[in-house]
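Asker: Sequence order for the protein chains is A, B, C and D.
Note that the numbering used here gives residue 345 to position 345 of the first sequence, counting from 1, and the numbers run on in steps of one.
Count along the second sequence starting at 1, add 1000, and that's the number in the numbering used here.
Count along the third sequence starting at 1, add 2000, and that's the number in the numbering used here.
Count along the fourth sequence starting at 1, add 3000, and that's the number in the numbering used here.
I should point out that these hints are in silico values taken from the structure, not numbers from a laboratory.
Idealized CB from N, CA, C, for every residue including glycine.
Relax, there's no trap hidden among the hints.
Non-contacting residues of chain D with respect to chain C, defined by C-beta distances greater than 10 angstroms in every case (computed):
1) A3004
2) W3005
3) L3013
4) I3023
5) P3031
6) K3038
7) Y3060
8) I3077
9) P3079
10) G3090
To be clear about the criterion: a stretch of chain B counts as covered by chain A if any three or more of its residues have a C-beta under 8 angstroms from a C-beta of chain A, and this derived list gives those stretches:
11) 1017-1029
12) 1092-1098
Only part of the chain C face toward chain D is listed, based on derived beta-carbon distances under 10 angstroms:
13) L2024
14) A2032
15) G2118
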Amino acid sequence: MEGLFTFAPAIVLFPLVAFAITLLVGRYLPLGGAIPGIVATGGSLALSLVMAAAVAGGETTNELVYTWFETPEITFHFGLLIDPLSAAMLVVVSLIAFLVHVFSLSYMNAEGETGLPRYYAGLGLFTFSMLAFVVADNLLMSFVFFELVGLCSFLLIGFWYRTKSAPSAAKKAFLVTRFGDFFFLIGVVAIAASYGTLSFAGDASFVTAAESAIDSETFFGFDADTWVTITGLLVLGGVIGKSAQFPLHTWLPDAMEGPTPVSALIHAATMVAAGVYLVARMFGYYALSPTALAVIAFVGGFTALFAATMGCVKDDVKQVLAYSTISQYGYMMLAMGVGGYVAGVFHLLNHAVFKALLFLGAGAVIIAMHHEQDMWKMGGLKEQMPVTYYSFLAGSLALAGIIPFSGFWSKDEVLYDALIVGLSEPLILAAYAMALLAVFFTGFYTIRMVRLTFHGEPRSEAAESPHAIGLPAKIPLAVLGVLALVGGAMNLKPLEELAGLEVAFLERWLDGQGVGSVDGLTYHAYSETVHYGHEYIGGPEGTVILSAALSLGLALAGAGLAWTLYSGPEPTRHTERLGSLRDLAVANYYQDEYQVWLARGLTLPLARASDRFDQTAIDGVVDGVGSVSRFGGERLRRLQTGQVTDYAALVILGVLALLVVLGINGGWFL
Amino acid sequence: MMAIEGYVLLSAGLFCIGLFGILTRRNALMFLMAVELMVNAAVINLVAFALYHGTLTGQVFGLFVLGLAAAEVAIGLGIILVLYRNFGTIDVSVPTTMRW
Amino acid sequence: MIEPVQLPDAAALGPALVLGLTALVVFVFDSARPHEPDRGLLAGTTAAGSLLALGVGVWYMIAGVGVPEPDGAGVISLFDGQLVVDQLALFFMLVTAIVTALVAIASYDYMDGHAHQGEYYSLVLLAATGMATMAAANSLVTVFLALELASLPSYALVAILKDNRGSVEAGLKYFLLGALSSAIFVYGISLVYGATGVLQLDLVAEAITGETGQHVLTGNAHDVAGHDGLLGVGIVLLLVGIAFKTASVPLHFWAPEAYEGAPAPIAAFLSSASKAAGFVIAIRVFTTAFPVEATAGLVGFDWSVAFAVLAVATMTIGNFAAAVQENVKRMLAYSSVGHAGYALIGLAGVGAGANELVLGAALMHLFVYAFMNTGAFLFVALAEYWGVGRTFADYNGLGRRAPIACVALTVFMFSLAGIPPLGGFLSKYLLFWGSLQAGMLFVAGALVVNSALSLYYYSRLVKAVWFEEPVTDHGSLAQPVGLYAALIAAAVMTVVVLPGFGPIADSALDAATAVLTS
Amino acid sequence: MSTAWIAISAMALIGVGLPIGMITLSSLLRPSVPEDGKRQTYESGEIPTGGTRFRFNVQYYMVALLFVIFDVETAFIFPWVVTYRDALEGGPSVVAVLAPMLAFLGILIVGLVWAWRNGAVSWARSETTDWRSTQNQ
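Could you put the whole structure together from the sequences, leaning on the hints where they help?
Answerer: See below:
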């Protein structure tokens, strides 16, 4: 390791040191042990920026740090892989971790919480795990830190262990993501067993090995390309669990039981982001398998719609955000699945910023509301908390995908990439259609949330006299608000397509043009591998305009609908009332019959149906697995009668059974 | 000299008597004796095969097995004694406080 | 490299000898003052003796005992090959010594106020001597002797709380089933002896593979192939004896009761060291004496298939039964049965044409398991010391009263479940990988399903201590020095073992390679 | 069948036949005068009290157990004795031949001393001996 990269391990180790300090002596430190964490994440942020600068200067690193142990077949090691992708992710993760630490001063310290050292220690460990995951240079190391991330979320979601719901939410999050991780584990092992390497990059990477194996080798009786699909999908199991994609998304809404800054961290930068980041990290591998890509795209598109509809009926501000997260990660998966690597990463980065912003904003609102989270008890906060309002609004508009906020640019690119592939692939087109429809719902629930929270008249005592929030809460909000506004400038792809300006910075960054890059890990290399053809309507320019117009139009329509539905000082609970169409027509805030139909005839049933499906079918399956194993265990334990004579008889029976079975096997009785 | 099959049949018979005793007896002492029968069946085998193969190993091992069987009985009697103190019986099917 | 000093060859048994001598020393101490034993002296001697044995073992390992000649000191063979000291033997002697030391330290507090201190420690040491000898046994004679030397003290130890009905009942069940299985085992030995005419493991293998029509030692006319029936039944009966010692199906019935009723440190001792010793015998006997192909050619079946079946049955029964327990100690007992199933995969892989990796992974798993399982049972010992009760509900909220111990418990549980940052992960991972490479897809699948299930009940305990409200107020809980020290040592090792996996993995793989190629 | 077997058989025959013959002979010759005193159990002149099915002191079994164990151990000394002279002539030093048996006996002695000190061979309960191994707690 040379030059600046000598310091790269420090990025990861700073939060670990903070964790250790806070854990050991946190109770003697001021501010509940927040300072080591803030200093450490600040240091990580600074160093991450240095790394990004180094990458911009044309350097990258892919180094072995510590060899775990070797066998003749394979070496297990820890290593650092810093390329444009991980450098960008490092900056975002450490930035958000830093801001969350600062924000926590307001959210946790000022509220007189107990157990703060435990909280900050957890945050430190969480940040450490995620940063280590980001710089991992091989799949096993990824897996280890992926799991550690899950463990930290378990600890932090269950922070308020005295409540009834938090521990079970923590356990659910842990178990559901673990369920996905078992597939991941099988995938890791299968990849190791078939290629003898787990490295992401370089000549000895499993991607290279798989590439050369295709058309020439078979593994475990499968063709190499089938095997790539199988292993890729197994790893995807972990991604689906962590990134809360259908059908393993159920843990995420429950995870709202954790402290709000933790939610911000989980949703924006760490746990949930880990899944999509993993897909991006090993994108070269997925690019080899059209089937795996199609599955990713379809799951993504479906999740985007499915979660967005559910977001429309939630009353708890954090629940709305939770479903929006699931939906937005669906977009990223869609982007990955259609080969839109840049679009996916772009949306990942943008989403990290604006979702952190929204959660921190929601956190500020929750402080102000004395820990009330029901949006129907809020209202009228706009005048009382302007900083929060304007930053939250910026985040909301970004989430809804309204030009010129960051979310518009990335979501548009996702949809554009999906569209040009979808025109020749019917399955992708279906995914695209669902994602497009989800844009409408996104606009709807986002603006509904803003309206209910900040507009209208205060609907509770707490909303009339909100609690003041401190400076540590306002600064992160302001920083993130600005970023949510200008973040789109990272990659103004439509402008490049239409006006020929060279403004797709992120694309060049990820492609290693003018900056450092690792062979085989560039957008360019990926695009060559992906087998999709592109089609256009009215040429590339026409398609760009069409796609942008469609998504913006739908977003505005959804937003506009919500804006009008929930206008006025005392908005009505549309989603609560299931009255007949006539009752609704009397209501004067419907603009036209189409919207009424859309709101009543489609939105609500769909949303309710998916919500019910979520509650019954999926949770039912999870519970069912539990009961089957319990029942089986119950049967098995009955063997254990407690009578030693029975045991002796069973032992003798067992011996006889072994003799008979092995004897038949050995042909003794013939 | 008697054919080796005779010894093996004898020992197998003894072994099976032991097994039968284990399956039917509930008295701890009887259980223990049944186990001893099985061990002795093995000793007969060892000695007989030692004769058959013309090596001493089996005989010496038989001696060891006898020694160990004695030690086992000693431990067993000790346990049966405390069993009687605690449960007032040496019926092995009585102690079932732990199960499932 | 340290030059091995010119000691008599018998000194190669160092760890076992040190343990045995320490037992005698404890007897002498106890004879000196039989009526008011000095608990500290007895526990201290025991711990010191086992640490010394550990030191000797490590020294031999570093000196290269067992490593083939040019690089190391070579395998040391004693008493005409009745005992061998190689890497496998040293590896398991270390495991035994470590667990014995932990148990001795923890027992100082646990056995406070109990009678029979001298007996307790000397029996622990004698059993440990037996286990260490098991590791070196290379003949069916020594295997059986060492096995009994380990078993007989164990029976007495389980029943040592003479006024506790649970302890006595556990002792009775353990003893009766143990006696039964050792009778079956020795009968199996006699049949193998009849078929091959020899008892030493390598000679048995020679007789099986040779097909010379002659007795391997005397040269008399003797055709092993003519006695294939005896050999086949004998092998199955040997398998049964080993299954008892490792608490595998169908001889696992004693385990839940014995572990539940026994004093908790003894349960830790039996479920870690004794089980590991059972596995070393299984590995030694089956890989050395019964080469897979030759044996299959003679008796018709492949014994590794039997191990594969037992592995799947054992892990499934263990984990399913553990999932429904309310009593923590009993849950751990069943989970220990489940882990025996994981370790059996190592033997199942031998016949499937796997390389040393599967077997090496099984050895590593046993090593890591020695720490995490001992630790878990020691936590139960601590809970019994506090007198908080035995069920999951009784453990509720202990995390607030005794955070350090509960952190250790969390480490053990997550490690047992195989969560990555901890020691249990990598060994399970390697087992999984190895079994997949060997093409044992079914076994690998069972491993994953069972691991997933095990997470359910392990995390349940973690949830109980940290997140649940206590049913009764525990008041302030004492912090007994010995128990805490042993607990923390085990926890630290469980964590440290993963980053430091290199040397352990190396020695385990070397041991596996050596035993497979010999 | 060799002559040795004939001699052994003759010895066995005589060994069994002699006592049977003498008992038969005396029963034929002696007068038969049955009376109560003769049917009683002979207890060295004492008049017997109680039935035969009373419980023995547990210490009795302890001693019996010790006897069984140590008795069996002598079986291991026996082969050593038989080969002792041959082994010495075979070359190894006296120490090499003697040491294992001394170690074996040493271990047995440690065990015996321990058992003794712990009261396993004290015949009856006394004030000075701790009855740990048998007390009814």
